[in-house]
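One letter stands for each residue in the lines below.
There are 2 protein chains.
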Amino acid sequence: MEKKYVYSFEEGNREMKAILGGKGANLAEMSGLGIRVPPGFTVTTEVCDIYHQNNKNYPSEVKEQISHQLRELENKMGKKLGEANDPLLVSVRSGAAASMPGMMDTILNLGLNDQSVEGLAQKSNNPRFAWDSYRRFIQMFGEVVMEIKGSEFEEILEKVKDTVGVQSDTDLTAGHLEAIVKRYRAKIIELKGRDFPQDPMEQLQLSIDAVFNSWNNYRAIRYREINNIKGLVGTAVNIQAMVFGNLNENSGTGVCFTRNPSTGENKFYGEYLMNAQGEDVVAGIRTPQPISALAEQNKAIYDELVAICDQVEKHYQDMQDMEFTIQGGKLFILQARNGKRTAAATVKIAVDLVKEGVLTKAEALMKVQPEQLDQLLHKQLDLIAKAKAEVIATGLPASPGAAVGQVVFTAAEAYKKTQQGLDVVLVRVETSPEDIDGMHSAKGILTARGGMTSHAAVVARGLGTCCIAGCADIQIDEKGRKFTLKESGLVVKEGDFITLDGGDGQVYLGKLNTQEPELSGDFGTIMNWSDEIRELKIRTNADTPQDAKVARKFGAEGIGLCRTEHMFFEGDRIKAVREMILASDVEGRQKALAKLLPYQKQDFIGLFKTMEGYPVTIRLLDPPLHEFLPITEKDIYDLAREMEVDAGTLKAKISDLHEFNPMLGHRGCRLAITYPEIYDMQVRAIIEAAIEVAKECPTCGRSSQVAPEIMIPLVGNSKEFSILKQRTVEIAKAIIKSSGLDLPYKIGTMIEVPRAAVTADQIAEEAEFFSFGTNDLTQMGCGFSRDDAGKFLKEYVAKGIYDRDPFEVLDQEGVGELIRIAVEKGRKVRSDLKIGICGEHGGEPSSVEFCHGQGFDYVSCSPFRVPIARLAAAQAVIRERKQ
Amino acid sequence: MEKKYVYSFEEGNREMKAILGGKGANLAEMSGLGIRVPPGFTVTTEVCDIYHQNNKNYPSEVKEQISHQLRELENKMGKKLGEANDPLLVSVRSGAAASMPGMMDTILNLGLNDQSVEGLAQKSNNPRFAWDSYRRFIQMFGEVVMEIKGSEFEEILEKVKDTVGVQSDTDLTAGHLEAIVKRYRAKIIELKGRDFPQDPMEQLQLSIDAVFNSWNNYRAIRYREINNIKGLVGTAVNIQAMVFGNLNENSGTGVCFTRNPSTGENKFYGEYLMNAQGEDVVAGIRTPQPISALAEQNKAIYDELVAICDQVEKHYQDMQDMEFTIQGGKLFILQARNGKRTAAATVKIAVDLVKEGVLTKAEALMKVQPEQLDQLLHKQLDLIAKAKAEVIATGLPASPGAAVGQVVFTAAEAYKKTQQGLDVVLVRVETSPEDIDGMHSAKGILTARGGMTSHAAVVARGLGTCCIAGCADIQIDEKGRKFTLKESGLVVKEGDFITLDGGDGQVYLGKLNTQEPELSGDFGTIMNWSDEIRELKIRTNADTPQDAKVARKFGAEGIGLCRTEHMFFEGDRIKAVREMILASDVEGRQKALAKLLPYQKQDFIGLFKTMEGYPVTIRLLDPPLHEFLPITEKDIYDLAREMEVDAGTLKAKISDLHEFNPMLGHRGCRLAITYPEIYDMQVRAIIEAAIEVAKECPTCGRSSQVAPEIMIPLVGNSKEFSILKQRTVEIAKAIIKSSGLDLPYKIGTMIEVPRAAVTADQIAEEAEFFSFGTNDLTQMGCGFSRDDAGKFLKEYVAKGIYDRDPFEVLDQEGVGELIRIAVEKGRKVRSDLKIGICGEHGGEPSSVEFCHGQGFDYVSCSPFRVPIARLAAAQAVIRERKQ
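Protein chains in written order, with the UniProt record's numbering: chain U, 1 to 883; chain R, 1 to 883.
A couple of the hints might just be wrong.
Since the list gives no way to pick one copy over another, a pair counts as held whenever it fits inside one copy or between any two copies.
[Stated by the list, open to error] Computed list of lysine to aspartate or glutamate pairs in EDC-like fashion (alpha-carbon distance at most 20 Å, straight line):
{"no.": "1", "residue 1": "K379", "residue 2": "D504"}
{"no.": "2", "residue 1": "K416", "residue 2": "D437"}
{"no.": "3", "residue 1": "K651", "residue 2": "D477"}
{"no.": "4", "residue 1": "K63", "residue 2": "D382"}
{"no.": "5", "residue 1": "K493", "residue 2": "E158"}
{"no.": "6", "residue 1": "K725", "residue 2": "E795"}
{"no.": "7", "residue 1": "K493", "residue 2": "D49"}
{"no.": "8", "residue 1": "K825", "residue 2": "E813"}
{"no.": "9", "residue 1": "K799", "residue 2": "E766"}
{"no.": "10", "residue 1": "K719", "residue 2": "E795"}
{"no.": "11", "residue 1": "K3", "residue 2": "E178"}
{"no.": "12", "residue 1": "K192", "residue 2": "E633"}
{"no.": "13", "residue 1": "K794", "residue 2": "D656"}
{"no.": "14", "residue 1": "K182", "residue 2": "D680"}
{"no.": "15", "residue 1": "K653", "residue 2": "D199"}
{"no.": "16", "residue 1": "K482", "residue 2": "E225"}
{"no.": "17", "residue 1": "K355", "residue 2": "D310"}
{"no.": "18", "residue 1": "K330", "residue 2": "E413"}
{"no.": "19", "residue 1": "K791", "residue 2": "E627"}
{"no.": "20", "residue 1": "K791", "residue 2": "D656"}
{"no.": "21", "residue 1": "K791", "residue 2": "E434"}
{"no.": "22", "residue 1": "K799", "residue 2": "E570"}
Keep in mind that the hints were calculated from the coordinates and are not lab data.
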């Protein structure tokens, strides 16, 4: 049988998106439902592929099949393309398998020529309509097919309007329009040396080719790159009979949503205009009427529309966004698709559809994009305020939410002003662990350097604080306490108000209105359903009781990562830390560490109490020691004075600690191999804190559950782990023994060094749990420095070398292979090995799905991503069951 | 049956080293050969283990077995321990499975007490001998068992000598010695509150325990650490009847070698002293006689000794180092072991033993340690000169050989002085690629920082230039053109002569005599035999035709790694490189690259011609671009002036290129993804050069074979490779086509990113060869920065976390696992995938064996390690066949 390249709408259905494109499949589906759709046919995406592979040609069968379908269409419509008396007009539209709105070309009113325009005038009894249609067609054809600049036509149009003395196109008469058509055609001949083609078949052929060509125009390619649309062979082309909402007063056009797309309320919603075309609704020249008005104006049509909406919504089991046209009192549906909606509406509609019996819970969960939930958890900018305000700079949307505050340039100033009750936005070139207090205080953080996974971004996401990172548009003068917009030269001084939108990375001058998040009942319902279905536990990365509280509110079932180093920077502690680093022997270090012990113990007591018996995984000290020492000359001198050491000695120490590749340096458990007393202190603090929480209070008699998990970072070799485990066990045993309690605790490790992954069997001999540190595993596995790779990773993603930035979305193929190896080797040796993830990926939906697929016990993510992970984990189960 | 803890010498053999220790097994073996060895027995190493595991106790069976063996010994000797008339005396000696000379304790003359000393005096008819033996025994026992400082005894001895008025111990009479014994015992009571034990069984018991204790003394532990002795459970203890070379004039003692240990010549060699003990020979009070004198003095004994030597050498199939004692005209052999020898002797003896029919070629090859060959390839310091000269500083022995020259502090100065015909030693804090010319010129290189795999070390080894790295003893003042010895304050100025020994890292002031290497006929024989047996091809890492020539002389069968970046630093080229880096667009970069093209082409022509058809693997540009830009403020200003750019612009570019972790940064193929024009130029240069070499010369009509292999570095993702391969093929195809020749070439990649190893199946779809870059694979796989890890890796090795520094010896367990995965995945997809290694490990014997075991096609190493790799590859085959 001959291969089928062209399908009438009756022949397709929604499963055929890959070859018919989204629009074509949809039109076919609706035709199949018996809904009145203007008839037509679709040239498949495969033809587009053949066209581009064969030097812009395709086999004669394609042409024959198009002719055949066209004849069928003519029969259906009782009109013929190009016929003088009552011509068939068609639209030619692109439509790929993925939505690429406005990126490719469209031609309307095809089939008009010098004869048929007259026929249309007569038949419609509306010569102005006919000539305006012809004018529009020639202009569109001229631009799209003949590649003439739109301005050439606009100039002619304007000139005529001037001459005639009218303001609006609508004031032009049929005669004026006829004159314009003549001038258009003269211009085409002047510019292209040939006339606009009168033969409708030629018009059609050229238009189809033009649509195919538009698949590879610059903006379409860029759109696919930006939206990460891959694996498509091309666009389909839809040829459809034209219907006209501007034919007469008994005609009209409109758009409607089956439910309210802002709130999700189950109320028919939309607007329409009589005697108008779609573009008139969009152009805003006339104000459209609310859809409810149609009920009064034409009850029959309204009822028919409502009935169709119900039918289509039920059919697609989702809220629909529909376009319709009324031509001479007859309703046509031009398009129906799942409607875009706010996050709140998404959640409400999903829940309502279950209540209405349309969806199962599992189906409803699949309707919500996990990432959307983020919107519901953060303060948002008021959309109207946002629309009116001027964007002064744009950076990376590093942590969602909105922030309004006065600009400050140092963490100390941020802290001070906040103590005074002021709202501040902290503006830094980049942040460092020393800035932690200021970052905690600020409403928002703006950095000039750093990527989505820079320190500022990671910490801000953890805090749920709005953050824009890597904003290259600004030039910061910290000393001068101001920043300058590179382009405009605008200067923003300390104390000036700015507003950040962490959702899109836009920075505004002044104060914009914000809206508080509302965790509505429907949100809770979605979460509960997720919890019923998911198999992964969801933990959080939290360093403080405050973080932990937020995370528990969001449903965290434990702490998967507590980074103890952050605790080392607070208040006076940093002094003791530095004393420890500068000590010349074990005794000196132990003395300094003894000062830190009570602080650490209090930290852990707070965490254990907040988590009420949920497991708390505490990572022992990880960063290289130089991170705790100052960098600038001035800070070094200040510290030397404070510590009463010679500045030269201090400098020598700093230079001693300097590393060429700190990422691969003396950090993590390597520190503890060299200075075991550091971990000794931390283990003591953990176990003593756990005992204190676990034991009965002498006053009130209450005791609490506690489940500490001690995590040794950066293990690359099983012997590192066994040496440190032995010390840990000895210390813990002694403390527990003297407490008289029975305290269960676990000792495990992060798998973040590739070597650890491939020798996981040896490590699992002793480790009770693995937590994949996928940030570092990505750095070492792919050989990318997170701090530097921003320079080239964008290009890597654009070129398709990686599908997505591997620091944002787990690289399942490469880093994932290391994980697969480690899980297999680890579980072979210890079948009940507890396995989790605590990298940034723990809150990224596709990565959560991967973790589920690998049999992980839990994922851990920042508090604000816990709901996302809960839903993603449920979706992973649902998808798995489907297969 | 009862477990056997104690073996008489008759019961053991040389296979039982693990439980009898080296000495015990050896004495047993000789006993078994019927050689007259003083009889005795051995307490096994297992007892040492039990002793330490059980709080310094062992089961009563052990004591019973010792008593039993002692009775047997007494029967054999016809004497009894502690007997008054004719006492049996024994020695108690340590002896682990690995040689640890002098590290553990020994006790001689055990069995003497107040009664038996008289019996010994009578029986030997030599009271002085008896009392001196008793004195020595008490002193040894006091020090070793009772833990009294030797100085306490020495003081008494000196005081008596003073009182008596004699200079030498030998001038003391029996009476004097008896008085000393009394004082010794009084001192013991004074210090320890108890007397020296008179009961010989107690003496024996305590001495055995003391030997066990010495297994864990500080120096023994350190020795094992330093010499990487692992996996041993403890030391054995040998109890052996004493024989005395100082009994009378018909007694004597000596050491001999079955061949000359310096030259390897097959000539009996040694020295002896009559009426003397072993320590007298060592002490140097009397001058020993050459062994040949014994033939005249006592022909029968001499002949017996020669016969035994022959027998033992044949038995062990190796040159022996033996100790003997003549007691009252009767010859006893105390020890025989494979003799230490120079590298030259090793080679000669191995070859001679084959000629003599003692060894097969394969056996002979196993007698040579590959590392030893290094000595034969480099200039060496004259040993006598070395012994006399003062070491002023010590660093890491980074590249072997010797260098004598005037100190210079910059590469430029090194180059200049060398052009003037002077010999220089380049002294730097550390070297960078910019120093390459100076490093080429210098006779030797001394750096204050950096490890065994620092830039200086790697480059120097490549050049075969002597280098001492990481010499922390010196403080360099580059501006002041001097360095200072930190300890002594000694100042060495530019122009002063120093001498380096790259073999042991020692630095000498002044000029020391050196000896040129001689690649003797025996060396060549060993190499030929290796080549007959080995299966791996041996290639070299070479960047210049000079390197390549050296390597070919040493037997290299191709270039496994040509680092093109080194070529970028020479002369004017660096200017064009910088112009390329500073260019703001593709055109600018292409213009600059066009200047480099002819240079690169010439580089490759030179290499191809030198290698005469052997494969030449050329790695495209690898380092990050910032390595080509200056660092210091001054250099930046100079360059800005030279390049006629604004210093600010230049600084901004440098700051733009700065990376936090350059190891994981924008380098390798990532550069080419961003700036494909760089590799385009290099590919063009390679292919054009190959064509030029391959084509017939119009004048002479000759053409040469050429086999280029283009290697793309730092691939982590198969898509990087396929993108770059496609460009490479397009360029190559065009050039080859227009040449009209048929030029075969290969395109492959380095496997040095862990991700590449675990996705090797995908990469092998397109790559024709893999070359494991084990330096970087170790860095990323283990998460160690080569530049920084020196700080903690020593401790890692000391603690047994890694057996050896993984940058020196391939970490087979971890990095090796990545390699195994990659080889398996790669070969699964492409069974004829060519696999090699080009990291530093390619010339390290155990790593070469690993590569052979994994089915590699070749290893590639620096030119001076080619002979080592040839032998190691042969040994790998021999060991494999044995199994």
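Inset, instruction - Against the structure, test the hints numbered earlier, and report the numbers of the ones violated in rising order. - result: Of the numbered hints, 4, 5, 7, 11, 12, 14, 15, 16, 18, 21 and 22 do not hold.
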